[in-house]
Each structure stands twice: as C-alpha cells, then as structure tokens.
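Working from the sequences, and respecting the hints, build out all of it.
Protein chains: 4
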Amino acid sequence: MSSLQIADREFDSRLIVGSGRFPDPETMREALRASGTEMVTVALRRANLNTDEGENVLKYLQDDGYFLLPNTAGCYTAEEAITTAKLGREALGTNWVKLEVIGDDETLFPDVPELLKAAEKLILEDFVVLPYANDDPITCRKLADMGCAAVMPLGAPIGSGMGIRNPYNLRIIKDLVDVPVIVDAGVGTASDAAIAMELGMDAVLMNSAISQAKHPVKMAEAMKKSIEAGRLALESGRMPKRLYAKASSPEEGLIEVDREEQ
Amino acid sequence: MSSLQIADREFDSRLIVGSGRFPDPETMREALRASGTEMVTVALRRANLNTDEGENVLKYLQDDGYFLLPNTAGCYTAEEAITTAKLGREALGTNWVKLEVIGDDETLFPDVPELLKAAEKLILEDFVVLPYANDDPITCRKLADMGCAAVMPLGAPIGSGMGIRNPYNLRIIKDLVDVPVIVDAGVGTASDAAIAMELGMDAVLMNSAISQAKHPVKMAEAMKKSIEAGRLALESGRMPKRLYAKASSPEEGLIEVDREEQ
Amino acid sequence: MSSLQIADREFDSRLIVGSGRFPDPETMREALRASGTEMVTVALRRANLNTDEGENVLKYLQDDGYFLLPNTAGCYTAEEAITTAKLGREALGTNWVKLEVIGDDETLFPDVPELLKAAEKLILEDFVVLPYANDDPITCRKLADMGCAAVMPLGAPIGSGMGIRNPYNLRIIKDLVDVPVIVDAGVGTASDAAIAMELGMDAVLMNSAISQAKHPVKMAEAMKKSIEAGRLALESGRMPKRLYAKASSPEEGLIEVDREEQ
Amino acid sequence: MSSLQIADREFDSRLIVGSGRFPDPETMREALRASGTEMVTVALRRANLNTDEGENVLKYLQDDGYFLLPNTAGCYTAEEAITTAKLGREALGTNWVKLEVIGDDETLFPDVPELLKAAEKLILEDFVVLPYANDDPITCRKLADMGCAAVMPLGAPIGSGMGIRNPYNLRIIKDLVDVPVIVDAGVGTASDAAIAMELGMDAVLMNSAISQAKHPVKMAEAMKKSIEAGRLALESGRMPKRLYAKASSPEEGLIEVDREEQ
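Residue numbers (the UniProt record's numbering), protein chains in the order written: chain A, 1 to 262; chain B, 1 to 262; chain C, 1 to 262; chain D, 1 to 262.
Calculated from the structure, these hints are not laboratory results. All of these numbers come straight from a predicted model, not from anything done at the bench. Beta carbons are placed, not taken as given, at the ideal position from N, Cα and C, and that holds for glycine. It cannot be assumed that every hint is accurate.
[Said to hold, decoys possible] Quick list of simulated restraints, FRET-style, between CB atoms:
| hint | chain 1 | residue 1 | chain 2 | residue 2 | range |
| --- | --- | --- | --- | --- | --- |
| 1 | C | Pro23 | A | Pro25 | 54 to 62 Å |
| 2 | C | Asp104 | A | Tyr76 | 51 to 59 Å |
| 3 | C | Asp126 | B | Met1 | 57 to 65 Å |
[Claimed, not checked] Here are a few chain D residues that sit away from chain B, every Cβ distance over 10 Å (derived from the structure):
| hint | residue |
| --- | --- |
| 4 | Asn56 |
| 5 | Gly65 |
| 6 | Glu125 |
| 7 | Ala144 |
In structure tokens form, the structure reads like this:
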C-alpha cells in the first residue's frame, strides 16, 4: 500500500484521528494506538492547555509519539482562526494547522469566505494549512491553488455519522486538485471509511466515529482495517459492475462513482 | 472478534472464497492465502476432476489445508444438484455442500422450488447443506426450518459486483432465522463486504470480486481486512446518526439498516 | 400516453388501488375518484360480504363503475387461495383474481412454492391471474410462462412505504417477461410511483400509501399525477446523466437503472 | 395546492424553466406551454439580443405572457455578473435577476465569494436577487440574510441530470432560511422533481431536463405533473416508513429525509 505525502511529511497511515470527546484519556490513548494513526488533531480550546486534564492529554499524545496537528475548532471568523493557529504554533511547536472556520455552532458547516481569507493569510505566514471545507469543488480548488497542503472536504456534517453523502462531489474535487484530498467529518462506521478510500480519497480524518462508539478501541481497530481495505481495493482495480454476470455491457465509471487505480 | 460456528465447525475467518475464474492456479493460491479464508468452494464441474488442471487445483487446495466446500454450480434441477452433491461427497470426502440450483444461465438467480426440494432431500441424506438463495425472507426461513446449516442469500446477482442491493431484506432474514446468514454473491469491492458485516451478516462468500480484480492477491487482502473491519464495527456499537451534530434526535435503526451489537 | 393492456382489457390509468384501511367509506370513495383508477382490488375477507359495511363498500365501488379485482389477501396456502378466488368469482362475477399467498403475517412476503401452485391451478380453471410476487426474476418468469396475465413483484414489503428497494431486480424482471409488470406494494409517496414508471414498469398497485396518508384524497391526486409523470418521462426519453455538464462521457443505462423508451 | 410567493409576486406553478438549448424555438414554445410554467429564465448572452433568432425567442416569450427572469449565465466574477444584470434590467424591464457567478466552465459550480459579493451589491441597487448557489447551508443563509428573495441551491451540477445528490443538505437549508428554497440544476427526470418537492423545496428550476429530452414537450408535461404530484404528496402527509407492515416502530424523519406538512 502506497504511503501518503502531505507537504514534506510522509505517513504510512491514511487515518487521521481527532482527540476530542473520548470517555476518558486512557481510552483515547488506547484507541489511538489501535487506530494505527500517526497524526492526531488537537483542539487547543478544548485541550485547555492550562488545566490538568488538558496537560495530561497533550502529554500522553506527545509521549506516544504522534505528530500533533493543532486545529482551530470553534472559530467563527478568519481573525479568530488566525489567532488560534498562532497559539497552536507556539504551544505545539509546529507550523501545521487544521484550519476550521465554522459558520454556526449548530450545523458546524464551514464559512467559505472566512475560510478562504484565513487560509490565505496563514499561508503567507508560512503555515502548512489543512483546511476543513465543504464538498464544493470550486472552494477546494481555490484552497489548493493558494497553496494549502491538502484539502479536507466533509463527507457529511461534523458529528453526524452519516457517511459520504455526496461521493460525486468528492470525485470531482479529486479531479480538480493536485494536493491530497482528505475526507474530514461524516464518517460513522467502518464501511464509510472504506468507501472514501475506494473513491480515491487520500486519507480520512475522523473523531466521533471512534470516540463516540460504544467501544472506541474496537472501533479504532475497525477503522484502521477499513482504511487499509479501501485503499487496497482501490489499488487492486475492482471488477466491473454489470446488471448480472452475462449482461452485455459492464458498468464502469460513474455508478456509485468508484475509481480505478490509474 | 468472535468466531463463526456453522454446524459443528468453527471458523476464525468470516470470509469464504470461491476458486473459480482466477487467471491461473498460482494466483488463486496466493490470493486465497492473502484472504485468510479457511473454507474454499469448489465447483465440481468446473474443476473437471479428471483433467490435469482440475487435479492440480484440487491438490493445491488440499495441500494448503483449506476446508473444501463442494458446490453444485451449473445445476438447474433438484435432481441434478443432488447427483452433483453426491459426486462431491465422494470426491472430496465431505458431507458439506454449497447447494446451487439456478433458474437460468443468464442471471444465475436461484430456482426457489427446486432449491427447496433439493435441500430437503440432501438433509435427509445427512448432508450439511448451505443453500445459495435469493434475498427472500420466507424462502430463507423455510431453508433454515428444514435444517440447513446456514442460509446464503445473494447480495446482488452472481458476477455482477453490484454490492448489497437490498440491505432491508438481509436484515429481515437475519431477524427471521437462527442459523448463520452468509451473503453469497454480489460483493464487488471491499466496502461491500464491510457493509454486509455491519448489517449483522455472519459471513460473506465471494469469488469474482477477488478473482476478477486486476490484482487478485491485493484484493484478497483488502477483503480480509474489510470483513474484519465490518465485524469489528458491528461489535463496537457505532455512533448514532444525526442530520447534524446538534440535531435534536439521533437517527438510529433503520436508516441504511445498520445493526447494533446485541 | 399509451394505454395499458392486461389480458383482454385495456386501461387508461396505470394506477390500481386497494380498498383497504381507509378511515371511512366516503373518504375511500373520494380518494378512488381522485386517483383516476379504473381497477380496484377488494379483499374478500376484509370486505366481509355479509356485514353492512362490507356491503356498502362493495355497493359504492360497483356504483362508481370500477372494475373490481378480488384478491386473496390473508391466504397462507395454495388451497386457501384457490377457495378464496372461487368465492370472489361468484361474489363479484369476474374470473380475474389478484393472487396473494403469503408466507407469514408479519412481513407479508409471498410464499413462492404455494404461489406457483395456486397460480397454476387457477389458470387451469380459467382464471385471469395477477400474482403478487417477490422481486425474484425466476419466480416472475415462471408465473408469466405458465400463463399469468401480469406479474406483480413487490417494490418493498406490504405496508412498509419504503419505495422501490431494488430497482435492478425490477428491471431484470421487465427484461425477462412479456406480460405487464406491475409493482405491487412498497410505494409510500408520489416519487416512488414515478420511479417505478420510469423504470419501465407497466403499472403500480398501491393501497396504504393512499389510505394511510393524513389526507388520502390529496395523496390519491398526487399518485394520479406521479404515475402519469413517470410514464410520460419514460416515453420522453430522458437526458443522459453525466458527472457534470462537460464531463466526457454521458452515463446512460444502469445507473439507478433508468429505462429509455424503445 | 398552495401557491408560491417570491418577493411581491405570486405564482401558481412551482416550476421555473430555462429557455436554453431547445432544438428550435417552436419546440421551446410548445414545451413551455406544456410545462405550465409562469416564469422563464433567459440567458442574455445566449439570447444574443441583436441577432434575429435571439429577437424571435424573446418575442415569443413575451407574446406568450411569461414573466421573464434574466440570468447572468456565463459570468465568472461579481463585476461581470453585475454588468450583465443591469443589461438585463434594461433589456427586459425587470429588476429581477437569476444571479449566476460560476467558478469554471467545466463543472459550472458557483464561485461562492464572488456570488456573495455580487448579490450584496445588486440588492443595494434594488434588484430582486435569486442566486444560484451550491447546497451549502451557510452560504444559503448568508444569501437569505442579506436580502435575496429566494435561494437556489443546486441538486446536482448544471447539465448533469443526476437528480438530488444530497437531500440532507437541502433539508438543512430549508430549516435555516425563511425565503423560498428553489432547487436549481440537477433534475434529470420526473421523479427527481417530485423528490425535490417532497423534501419541502418551494420550487424547481430546470432547463436541460426538458430541452435535452428526446421529446421535450412530453417531458415538459411530465415535469408539470411531477412537480404537482410532489407538492401534493408533501401536503398530504405521507404514511410512515416501516421495515415491514408490522415492524414495531415506524420510521419517520431522516430516512431519505422526507418532510411532512407542518
């Protein structure tokens, strides 16, 4: 299975995991281990760097050797997000940032103009920007064109667990941009992650699907396997679809928008 | 991950693989190894026991230690199927049989009345019968009630690669019968297999999805992982679905018919 | 819009409506009128021919000039169904019958072997048989081959309102049989009926979708229009599907199995 | 069936039709008549007001009494769109405009920041703005909040005929905004339009689905009926969904996101 390159870093795992909403730090730690992830996102506000628990979580994550990706969850404007990104750079000693600028606190969809503005400024300040975006091909292309290291369209709303709602848009995005496309949000169970990979996505970022499962550690293991399965299936070149075995024409291409290895 | 019990046998792998249509015997051998399967179906007609190649294939499979499940592929009547089952019993020294009685050679859907007749007679002759059926709950319950060791509804037509076309029927079948429910036919790529397992199916039987992929060995590995991922996800108890994170009511239950661990 | 021929009768409306479970006989009467249907099924057991209400319902239907199609709802065996069909013939003076032989009273799926047996015998006794079947192409072809005047596969379980769960099977059935294919059961709302017609189905039979709506008369009008819309759309030859307007290849054929006019 | 109010105008028809790409002006004229539409969009660039054919088309449309909605198709920037809108105002004597600002000429997705900028300025200049948007709830709410008379999210890419790709987003948009929500683009056949209406959308705007059908006039008639059918079904209050008739819990709400009358 080929590895994943983002900016100047290479990852063997195509699964990125959020550290929020686990029942307790120990479960988080064990689940992350089971997931095989190498990159963990940290909400600086949530981590509450000054509290004991926040410190513990960060310490665990650092001890366990993950590459920590600070995120700007909970920011509603470009300005807030930029401030938070800088705080993250200082706190975690990295210029990478998962950029979130949300439009409201109900649906958690991104605010596109603010997102574009924040991304532009952060790139000028030498951040490696991984933006959480909606599944809009034009927005994703703008983000890629301005120099984002990856684009991260949602599969479904954050915390919804609804899976990949619009595989067609994800496929168009993959066709339009040259940087990695990472599905961020929406994945609820193992098959959702496999579907994302089979569509040709480069990685998947998830949080609730693992932390909110009844058994987070087991689900983390499921996700590790499903991401690998989906990627391998993509690279394997799946059989064509037909209405039935001897139907005259195979159905390749658009149906449920599978992608073949190129 | 819990193991799978069929009749008096226990299997660690929930993936059953057919031995047909591989590009060559060596690829078959390597793919089966990569799949982690313990049970391999053999079409006696296809194996052509008397030919050199048929002999080789069988010898490989026996050498590699698989439990061989003779099938009655290509039979159109109960009588033909019974004859073929008996041939299989002698040739392979097992009273297990994957019972196929098909209605035509285009769509390869089963012929329900002939299937029921054949199953009944084979059970009387002490066969352990695993019938390939359509996704009809009543037919599957009849098969279970008469003593079949499992029921094997199709996910989609044989050789179609269309995935699980009607998850609702599969879920109803699982509710109606007490024997293992094995999805036989239709799986085309890794996520299809994960979906079957998440639905609560006990195992998946596939052939073309592996043998007809461009890289069968890699796809076999993908299938191993996706079956495990789907089963683990089922056992993990997935997060509820919501329209968005703060939507008032979680959407559990029927939507896309996920099953929770019981 | 072309008309529908079943056996020796011709219908302008492609909507067949069941007379069960309306809030009251007047609403039924008004809804049937709004639906534009010409053929109404009557459950003889439900009609309770001897009771006052049963008499009234029948009288209304006859007064309003519908062609009444007696059905064998609630029959579990071929024998019961045959007896009920004969009762219907005497009571309603028609040799047409909607043949239902169900497998259990929970899921209301048909019992295939009993259905086939009943159909065969009724045809020998000069009935015009319209059998309610599952969406199994082989069963439907057997029914057509033995002389049924139409086949009536379910779109989803009776009373489920789930819509067309497996359009692929319906399309295969349409390809395999020469008699009209009528979707019986499963339709829950207007678009379901339109989808059935766009798939090339010849007619739709529904009951709960109308009688269990909050406003049955309005829903009946919706169904009239959607059936006509779906049929017209089929005859219009829809535009091809593409991933986007300038995508290189149109996606015709299998995706969501639309059918073009022939 | 209730009527549709946009700004200060009331429409009996919930179908808006584009005038582009018909095989010839006569077919356009007849199809528009069959569709029952009252509002027709005109691409000023396409109409080529100075040419003979452009003049004819406009003259026909005006003679036939449609309310003409000039659009800014083919504009890539706010500035271009504003200029085109003003040209339309002069040419057609209306301050209404269908605002399109597209991000590229392949996928024809909107450019969100340019769209927002153009909408804001046109509203300041007393235009009644109906913006073509992607199915992003935050963008649609911004457009509504700034005073657009309606929001018009796409169901699928322009010219794709793919239907409603993400009903979930459309439903969230409907919940977030108070102005009419009109599905603009994506509808390919009659059932797509019915689905949009059943989701609670206030109207549907389409062009290729009619003009690119093999028989545009027939398809226009199909669309008229399906829009009415879908709206009536919404107002009728559909039956609940259940896995089967006697399954314990009805499935209301999110599945396939139907909406009930409120």
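Results of checking the hints against the structure:
At roughly 58 Å, the beta-carbon separation of Pro23/C and Pro25/A lies within the given 54 to 62 Å, and the hint holds. In this structure the supplied range 51 to 59 Å holds for Asp104/C paired with Tyr76/A, their Cβ-Cβ distance being about 55 Å. Between Asp126/C and Met1/B the CB atoms are about 59 Å apart, so this pair conforms to the stated range of 57 to 65 Å. The beta carbon of Asn56/D is kept farther than 10 Å from every beta carbon of chain B, the shortest such distance being approximately 48 Å.
Every CB of chain B is more than 10 Å from the CB of Gly65/D (nearest about 42 Å), matching its label as outside the interface. With 10 Å as the threshold on Cβ separation, the claim that Glu125/D sits away from chain B holds: the shortest Cβ distance comes to roughly 35 Å. Listed as a non-interface residue, Ala144/D keeps its Cβ farther than 10 Å from every Cβ of chain B; the least gap is roughly 18 Å.
The structure is consistent with each of the numbered hints, conforming to all of them.
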